[in-house]
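> Now for the letters of each chain:
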Amino acid sequence: MMNHPDDSPIGFYLDDLFQAARALPPRDARYLLAETEAHLRDSADAAMAGGVQPYEAELGALAAFGTVDDLVPRESQRTRMPLRTLAGQILNSAMLLGAIGAMTVGASGAVAGLIYLIGGANSITTVPSAVLTPQNCARWLSQQAATNCHQAALSDWAFETVYSRLALGVAGVLLLIAHRYCKRRQRGNSGLKPIVTDTVAALAFAVAGLWTAGLGVDAMIVSEGQGAGQWLSAAPIALAVAAVYCTRLAKRIREEPIR
Amino acid sequence: MSADKVKGHLDLLLLAILSTDPGHGYAVITQLRERTDGLLDLTEGAVYPALHRLEDLGFLASEWHPVNGRRRRLYRLTSSGHSALARQRTEWQSLARAIGNVVSSSLAGTAEA
Numbered sequence: 002m003m004n005h006p007d008d009s010p011i012g013f014y015l016d017d018l019f020q021a022a023r024a025l026p027p028r029d030a031r032y033l034l035a036e037t038e039a040h041l042r043d044s045a046d047a048a049m050a051g052g053v054q055p056y057e058a059e060l061g062a063l064a065a066f067g068t069v070d071d072l073v074p075r076e077s078q079r080t081r082m083p084l085r086t087l088a089g090q091i092l093n094s095a096m097l098l099g100a101i102g103a104m105t106v107g108a109s110g111a112v113a114g115l116i117y118l119i120g121g122a123n124s125i126t127t128v129p130s131a132v133l134t135p136q137n138c139a140r141w142l143s144q145q146a147a148t149n150c151h152q153a154a155l156s157d158w159a160f161e162t163v164y165s166r167l168a169l170g171v172a173g174v175l176l177l178i179a180h181r182y183c184k185r186r187q188r189g190n191s192g193l194k195p196i197v198t199d200t201v202a203a204l205a206f207a208v209a210g211l212w213t214a215g216l217g218v219d220a221m222i223v224s225e226g227q228g229a230g231q232w233l234s235a236a237p238i239a240l241a242v243a244a245v246y247c248t249r250l251a252k253r254i255r256e257e258p259i260r
Numbered sequence: 842m843s844a845d846k847v848k849g850h851l852d853l854l855l856l857a858i859l860s861t862d863p864g865h866g867y868a869v870i871t872q873l874r875e876r877t878d879g880l881l882d883l884t885e886g887a888v889y890p891a892l893h894r895l896e897d898l899g900f901l902a903s904e905w906h907p908v909n910g911r912r913r914r915l916y917r918l919t920s921s922g923h924s925a926l927a928r929q930r931t932e933w934q935s936l937a938r939a940i941g942n943v944v945s946s947s948l949a950g951t952a953e954a
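Heads up: the protein sequence lines correspond to chains A and B, in order.
For what it's worth, my numbering labels the leading residue of the first sequence as 2, then goes sequentially.
For what it's worth, my numbering labels the leading residue of the second sequence as 842, then goes sequentially.
Hints are computed from structural coordinates only; laboratory data are not their basis.
Mixed in with the good hints there might be a few duds.
[As the list claims (entries may be wrong)] Some chain A residues well away from chain B (every beta-carbon gap over 12 angstroms; in silico):
hint, residue
1, 16
2, 18
3, 19
4, 66
5, 97
6, 116
7, 146
8, 147
9, 161
10, 174
11, 192
12, 193
13, 212
14, 221
15, 247
[Said to hold, decoys possible] Only pairs whose alpha carbons sit at most 25 angstroms apart, straight line, appear in this in silico SDA-like list of lysine to any residue:
hint, chain 1, residue 1, chain 2, residue 2
16, A, 194, A, 140
17, A, 194, B, 882
18, A, 184, B, 937
19, A, 184, B, 877
20, A, 184, B, 849
21, A, 194, B, 917
22, A, 184, A, 32
23, A, 194, B, 923
24, A, 184, B, 938
25, A, 184, A, 165
26, A, 194, B, 898
27, A, 184, B, 905
28, A, 184, A, 173
29, A, 194, B, 897
30, A, 194, A, 249
31, A, 194, A, 32
32, A, 184, B, 904
33, A, 194, B, 931
34, A, 252, B, 897
35, A, 194, B, 932
36, A, 194, B, 904
37, A, 252, B, 849
38, A, 194, B, 937
39, A, 184, B, 915
40, A, 194, B, 877
Glycine included, each C-beta is placed from N, C-alpha and C at the ideal position.
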């Protein structure tokens with residue numbers, strides 16, 4: 002005999018679940034309770050529609066659903082990620098973002114090379130007079146076809162600016178290949194949630210882009226453009242990558258609203 | 842078929858069922874039962890932690906909707922979920938083919954003997 006709608010097998014089950022689900026994060030507990038109640042009532046309704054008495058229908062729904070002792074540990078296991086798994090996910094995502102970052106630097110090296118060809122070494126680097134020591138000058142002049150030490154230093158540093166970036170870009174491609182290989186071996190999504198990586202990437206590339214743009218503009222104003230190219234070659238690439246990640250992030254937020 | 846045998850393939854089954862239409866947990870269980878002619882004996886409650894885990898992985902997205910007077914959480918596949926389904930489906934087909942080859946050859950051997 003049921004006096005109150007909740008004085009029923011399903012009502013008592015939900016009371017037990019409420020108690021046990023306190024170990025879960027509050028929202029997860031609330032959602033689990035709501036979903037379980039809807040499920041059990043649907044299941045009991047379906048049985049009653051087939052002619053089963055309400056009490057038996059509820060007992061049948063509970064038997065098919067499983068015990069609270071079975072359900073809550075499964076849910077709790079889900080919310081508790083092993084440290085090793087988390088470390089693996091961070092490493093995986095760091096590899097991917099590192100590879101994209103390095104390739105972005107490589108692309109900026111190509112742009113810097115173009116600026117070098119158009120504007121000369123002066124446009125992508127500056128050499129402080131403090132480094133123009135006789136020893137350094139002798140080394141630079143022996144390596145570069147230049148008429149004076151300053152020109153030789155500029156050529157050397159410009160060469161380093163372009164080629165070190167291009168080398169980093171190649172390293173980025175290799176890192177990306179390594180990441181793909183690791184991911185295939187791990188069979189599946191082994192990185193952090195895409196919404197997390199996209200947020201980190203969008204922020205990192207936006208900050209890098211704005212920072213280098215600021216340095217470039219500063220060089221244009223303060224140093225009459227000397228060395229501005231080293232920053233202005235990086236800024237548009239970083240901002241373009243940031244824009245790609247922002248677009249992906251906006252799409253994900255629309256697709257998977259943050260709870 | 843026991844729940845243990847289903848366990849390793851539950852993600853694939855859930856993704857496959859939700860790939861056609863969004864659905865809530867009870868509808869997923871009903872679909873699973875109908876499509877397998879009741880062959881898969883699964884504890885119904887086990888579906889929810891699995892759905893929540895797939896959502897954590899970004900394979901599913903969910904929203905609350907009133908359906909037939911009850912508030913239900915509807916799950917649907919995201920683009921990552923569709924990719925995961927395609928990947929897991931390929932893996933499953935390879936596994937089924939490999940096991941099928943072994944079992945068929947042993948059957949043929951038994952018949953010959």
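> All the hints need checking, so say for each whether the structure fits it.
Right, here's what the structure says about each hint:
{"no.": "1", "hint": "16", "in the structure": "16 angstroms, holds"}
{"no.": "2", "hint": "18", "in the structure": "10 angstroms, violated"}
{"no.": "3", "hint": "19", "in the structure": "15 angstroms, holds"}
{"no.": "4", "hint": "66", "in the structure": "5 angstroms, violated"}
{"no.": "5", "hint": "97", "in the structure": "14 angstroms, holds"}
{"no.": "6", "hint": "116", "in the structure": "38 angstroms, holds"}
{"no.": "7", "hint": "146", "in the structure": "54 angstroms, holds"}
{"no.": "8", "hint": "147", "in the structure": "54 angstroms, holds"}
{"no.": "9", "hint": "161", "in the structure": "41 angstroms, holds"}
{"no.": "10", "hint": "174", "in the structure": "23 angstroms, holds"}
{"no.": "11", "hint": "192", "in the structure": "10 angstroms, violated"}
{"no.": "12", "hint": "193", "in the structure": "10 angstroms, violated"}
{"no.": "13", "hint": "212", "in the structure": "30 angstroms, holds"}
{"no.": "14", "hint": "221", "in the structure": "42 angstroms, holds"}
{"no.": "15", "hint": "247", "in the structure": "17 angstroms, holds"}
{"no.": "16", "hint": "A:194 / A:140", "in the structure": "51 angstroms, violated"}
{"no.": "17", "hint": "A:194 / B:882", "in the structure": "32 angstroms, violated"}
{"no.": "18", "hint": "A:184 / B:937", "in the structure": "23 angstroms, holds"}
{"no.": "19", "hint": "A:184 / B:877", "in the structure": "32 angstroms, violated"}
{"no.": "20", "hint": "A:184 / B:849", "in the structure": "20 angstroms, holds"}
{"no.": "21", "hint": "A:194 / B:917", "in the structure": "17 angstroms, holds"}
{"no.": "22", "hint": "A:184 / A:32", "in the structure": "32 angstroms, violated"}
{"no.": "23", "hint": "A:194 / B:923", "in the structure": "16 angstroms, holds"}
{"no.": "24", "hint": "A:184 / B:938", "in the structure": "24 angstroms, holds"}
{"no.": "25", "hint": "A:184 / A:165", "in the structure": "28 angstroms, violated"}
{"no.": "26", "hint": "A:194 / B:898", "in the structure": "6 angstroms, holds"}
{"no.": "27", "hint": "A:184 / B:905", "in the structure": "33 angstroms, violated"}
{"no.": "28", "hint": "A:184 / A:173", "in the structure": "16 angstroms, holds"}
{"no.": "29", "hint": "A:194 / B:897", "in the structure": "8 angstroms, holds"}
{"no.": "30", "hint": "A:194 / A:249", "in the structure": "13 angstroms, holds"}
{"no.": "31", "hint": "A:194 / A:32", "in the structure": "21 angstroms, holds"}
{"no.": "32", "hint": "A:184 / B:904", "in the structure": "30 angstroms, violated"}
{"no.": "33", "hint": "A:194 / B:931", "in the structure": "23 angstroms, holds"}
{"no.": "34", "hint": "A:252 / B:897", "in the structure": "17 angstroms, holds"}
{"no.": "35", "hint": "A:194 / B:932", "in the structure": "22 angstroms, holds"}
{"no.": "36", "hint": "A:194 / B:904", "in the structure": "19 angstroms, holds"}
{"no.": "37", "hint": "A:252 / B:849", "in the structure": "31 angstroms, violated"}
{"no.": "38", "hint": "A:194 / B:937", "in the structure": "30 angstroms, violated"}
{"no.": "39", "hint": "A:184 / B:915", "in the structure": "30 angstroms, violated"}
{"no.": "40", "hint": "A:194 / B:877", "in the structure": "32 angstroms, violated"}
Violated hints, listed in ascending order, are 2, 4, 11, 12, 16, 17, 19, 22, 25, 27, 32, 37, 38, 39, 40; each of the other numbered hints is respected by the structure.
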